[in-house]
Amino acid sequence: MPLMRHSNEVREMAGELGKYKLCVSARSADKAILKKAQDGGIVTQLFKFALEEGIIDGAIVAGPGDEPWRPRPFIATTVEELMTSSGTKYNISPQVSWIKEATRSFGLDKIGIVGTPCQMQAVRKGQLYPVGLRDVPDKIKLAIGIFCMENFSYQSVKQLVEDHAAMKMEAVKKMEIGKGKFWVYGQRGQVVQLPLKVTHKYEQPGCHVCLDYVANLADVSTGSVGSPDGWSTVFVRTRNGDDIWSKAIAAGCFETKPIEQVKPGLELVTKLATEKITKNQKTVEERAKFGVNKGLRNPYLGPK
Amino acid sequence: MADKITVGHVHMSGCTGCLVSLADNYGGLLTILDKYADLVYGLTLADVRHIPKMDVALVEGSVCIQDKLSVQEIKETREKAAVVVAVGGCACYGNITRFGRGGQPNQPQHESYLPIGDLIKVDVYIPGCAPTPQLIRNVCVMAYLLLKGNKDQQELAKKYLTPLMQLADRGTEACGCDLMYDVVNQGLCMGCGSCAAACPVRAITHEYGKPNVNREMCIKCGACYAQCPRSFFNFDVIPEFEGIMDAIDAALK
Ligand SMILES: Cc1cc2nc3c(=O)[nH]c(=O)nc-3n(C[C@H](O)[C@H](O)[C@H](O)COP(=O)(O)OP(=O)(O)OC[C@H]3O[C@@H](n4cnc5c(N)ncnc54)[C@H](O)[C@@H]3O)c2cc1C
Ligand code: SF4
Ligand code: SF4
Ligand code: SF4
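Top to bottom, those sequences are chains A and B.
Quick note on numbering: the numbering used here labels position 89 of the first sequence as 74, and the sequence is numbered without any gaps.
Each number in the numbering used here corresponds to the 1-based position in the second sequence with 71 added.
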């Protein structure tokens, strides 16, 4: 199938920012959520609202794991459990691994899930082509995507924090990638910034073929880029996402500003998305000629 | 009536679980039979003794090559059906029958089982043990649109079915190892966890974000690889998930 032979074709099909109905800058109106959130607390607030309203009866989130800053995907069925999941962990959390179990032993009928763009892709593939996911397709009620430029293995983050930033993992309060730096904030107030150049070799290799920055396939997607500190950029994408977002707004869950009125706004989001897709599309194309008269697989052309 | 397609269920060395999965579409199956398809053959459900001509054959189970009748029937299925669909892990990949090696009464010589694609050309795969009711349903609806729909519907059906046809083209071997050979070893795994969710026997766990397959538990069904978003990810279909799900829902109303 002659899919994606040219970069432009992908552009059109994937689109840098995907389809959306609405884009705003927003933050939660709940002080307790904002205190622990990575950015505007959009993910935690929207799940909290959806849980309380019975729109979902559980959400697959990334909570604390066995080691400091190592996420563990789990199913939060109460607001208390949900609150333990706030904040970005910059390493892999296999969110989708719980998606069938949520409908089995957990008995959920209305599932929420948060994840990176690739995880939103996995959810939608699972809905349209459910191979091992019986009864899952109809039970996804709120898929929240978070923007993502790249991810890291746990060992990579540890290397960055302990070796490059010379801090103990357990002493870190927050990590953040923004303004061209990898920021590590200590519990005692110290701040270390690493140039992104240092982090590149630690990136998860599978991220280099990823053609989605702003979680194009989510119901609602959110990230920090484009909005001021403490605020989030939010895309409301599907009919379902629009319905839930409108109800949450009506219930006073969020403060919002039109995206056109905030700096740096959509221009920067578009720029970063374009850079990511262009760079990774090139990687995808180079894979075709990786060897001598032989190449590497291209998942966008088929399973062979 | 005239506008329906004809469908048969062909039972090779299977467990009938694939047919149960089709039936587990409940009202959806009745709608399909009312509006889109006539079941012209299926020994479990209808009293038609011999394989008739049909548009779509849903074949479950693998083929015992020491059983003459089975070999004859799979060949006949290919002759009689316009589209052959391998339904379930056994028909696609051999699945649990990969472990068959004979020696049991009262046919100790029945020892060799092959996925149907090793004996005939197969057009579409629906992997999974059991395959999901929803995927069987989608393929039935899309097969109808392909054969009886207008131009747009045919186009959609073709796009939808393409990766399932490509899986059929890819081969007849499956294992949790596919995740290593064709995803991790290829630099494509991004740790989403879909493979672990798809595995029917919980043979897959994630260690620091990457799949770890317990190969002693793996029954070689092929679900993990097919479900992995880095096996196939067709950008001309999946991003249209909202519209396509609506269309399928509407078709089954
Ligand atoms: C690997 C990674 C890379 C990112 N890159 C960018 C970027 O380039 N640009 C940008 O604008 N934003 C990026 N983000 C998103 C950003 O860091 C915030 O996650 C997002 O803005 C949500 O903030 P919030 O305050 O709304 O969420 P909160 O209310 O703080 O909730 C955060 C949610 O994220 C989930 N989560 C945390 N870590 C992970 C993980 N590893 N995998 C899956 N889910 C997780 C938690 O379960 C929680 O529900 C990235 C996030 C991750 C995980
Ligand atoms: S860069 Fe892409 S593949 Fe990597 S974690 Fe982010 S969304 Fe997934
Ligand atoms: S399903 Fe996800 S975790 Fe499993 S092999 Fe594929 S990309 Fe990796
Ligand atoms: S690991 Fe599980 S899903 Fe994959 S082939 Fe084996 S049994 Fe099937």
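I should point out that these hints are in silico values taken from the structure, not numbers from a laboratory.
Every residue, glycine too, gets a C-beta built ideally from N, C-alpha and C.
One or more hints might be untrue.
Unchecked claim - Below, a list of computed lysine to any residue pairs in the SDA-like style, where the Cα atoms sit at most 20 Å apart: (1) A:Lys143 / B:Tyr279; (2) A:Lys143 / B:Thr243; (3) A:Lys289 / B:Thr243.
To be verified - Incomplete in silico selection of chain B near chain A, CB under 7 Å: (4) Gln175; (5) Gln178; (6) Pro179; (7) Gly199; (8) Arg241; (9) Gln257; (10) Cys263; (11) Ala268; (12) Gly280.
Hints not upheld, ascending by number: 2, 4, 5, 6
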